[in-house]
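Enquirer: Single-letter residue listing:
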Amino acid sequence: EAAVTQSPRSKVAVTGGKVTLSCHQTNNHDYMYWYRQDTGHGLRLIHYSYVADSTEKGDIPDGYKASRPSQENFSLILELASLSQTAVYFCASSDWGGAYAEQFFGPGTRLTVL
Amino acid sequence: GDQVEQSPSALSLHEGTDSALRCNFTTTMRSVQWFRQNSRGSLISLFYLASGTKENGRLKSAFDSKERRYSTLHIRDAQLEDSGTYFCAANTGYQNFYFGKGTSLTVIP
Numbered sequence: 004e005a006a007v008t009q010s011p012r013s014k015v016a017v018t019g020g021k022v023t024l025s026c027h028q029t030n031n032h033d034y035m036y037w038y039r040q041d042t043g044h045g046l047r048l049i050h051y052s053y054v055a056d057s058t059e060k061g062d063i064p065d066g067y068k069a070s071r072p073s074q075e076n077f078s079l080i081l082e083l084a085s086l087s088q089t090a091v092y093f094c095a096s097s098d099w100g101g102a103y104a105e106q107f108f109g110p111g112t113r114l115t116v117l
Numbered sequence: 494g495d496q497v498e499q500s501p502s503a504l505s506l507h508e509g510t511d512s513a514l515r516c517n518f519t520t521t522m523r524s525v526q527w528f529r530q531n532s533r534g535s536l537i538s539l540f541y542l543a544s545g546t547k548e549n550g551r552l553k554s555a556f557d558s559k560e561r562r563y564s565t566l567h568i569r570d571a572q573l574e575d576s577g578t579y580f581c582a583a584n585t586g587y588q589n590f591y592f593g594k595g596t597s598l599t600v601i602p
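Each protein sequence line maps, in turn, to chains A and B. When the letters of the first sequence are read in order and numbered with this note's numbering, they come out as residues 4 to 117. When the letters of the second sequence are read in order and numbered with this note's numbering, they come out as residues 494 to 602.
Check before you lean on any hint, since a few could be wrong.
Partial list, derived from the structure: chain B residues whose beta carbon lies under 8 Å from chain A [claimed, not checked]: (1) Gln-526; (2) Leu-536; (3) Gly-545; (4) Thr-546; (5) Gly-550; (6) Tyr-563; (7) Phe-580; (8) Gln-588; (9) Phe-590; (10) Phe-592.
FYI, nobody ran anything at the bench for these hints, they're computed from the structure. Glycine is no exception: its CB is placed at the ideal position from the N, C-alpha and C atoms.
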């Protein structure tokens with residue numbers, strides 16, 4: 004019973020289209036995060052949230068929006084998908100947002116924008 | 494610039510040998526987390542450290558408790574299933590974990 008799940012697991016989108024990636028956690032964690040991973044690189048933070056109905060920008064928020072309708076759910080929205088947004092997207096949750104916060108990751112969503 | 498420098502970028506080990514991976518930080522970090530990414534792309538958390546060392550089977554990790562500027566991951570008696578890409582992620586005390594670019598490990602029979 005995975006604690007962080009993501010849907011879809013893979014998606015092909017067209018340039019200019021809208022894409023929504025969803026994340027659900029059963030850890031009862033306050034903090035949730037969206038990262039992207041490009042081939043051969045580590046992960047970079049896009050958006051995060053520490054409470055429902057509130058989101059914060061990470062290091063690379065441009066071109067992305069986020070939504071946290073409940074403690075369990077966190078979505079990443081690409082209003083106008085672009086080729087450069089082809090990547091693998093990971094969602095994570097943690098109990099604390101500060102330094103002493105182990106992150107738990109979902110399985111990832113592979114997004115291809117054509 | 495990159496907050497986390499991971500080395501080596503790639504490594505080949507024969508089964509049964511030992512090795513160490515390292516992450517250097519350009520600033521003081523409060524905690525570090527080590528992951529292995531398998532061939533399916535899943536991130537498996539290996540260790541989370543705010544200080545000191547942790548050990549799990551053939552894996553052991555240490556976090557420099559004095560200046561908090563580096564962490565190591567030791568692999569003892571490497572096995573084929575240890576192959577994958579290893580990432581460290583370090584946190585300065587705010588919301589972001591900074592990831593290294595990974596070490597691609599191949600264990601050879």
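Enquirer: For each hint, tell me whether it holds in the structure or not.
Expert: We went through each hint and held it up to the structure:
no.: 1; hint: Gln-526; in the structure: holds, 6 Å
no.: 2; hint: Leu-536; in the structure: holds, 4 Å
no.: 3; hint: Gly-545; in the structure: violated, 13 Å
no.: 4; hint: Thr-546; in the structure: violated, 16 Å
no.: 5; hint: Gly-550; in the structure: violated, 19 Å
no.: 6; hint: Tyr-563; in the structure: violated, 16 Å
no.: 7; hint: Phe-580; in the structure: holds, 6 Å
no.: 8; hint: Gln-588; in the structure: holds, 5 Å
no.: 9; hint: Phe-590; in the structure: holds, 6 Å
no.: 10; hint: Phe-592; in the structure: holds, 3 Å
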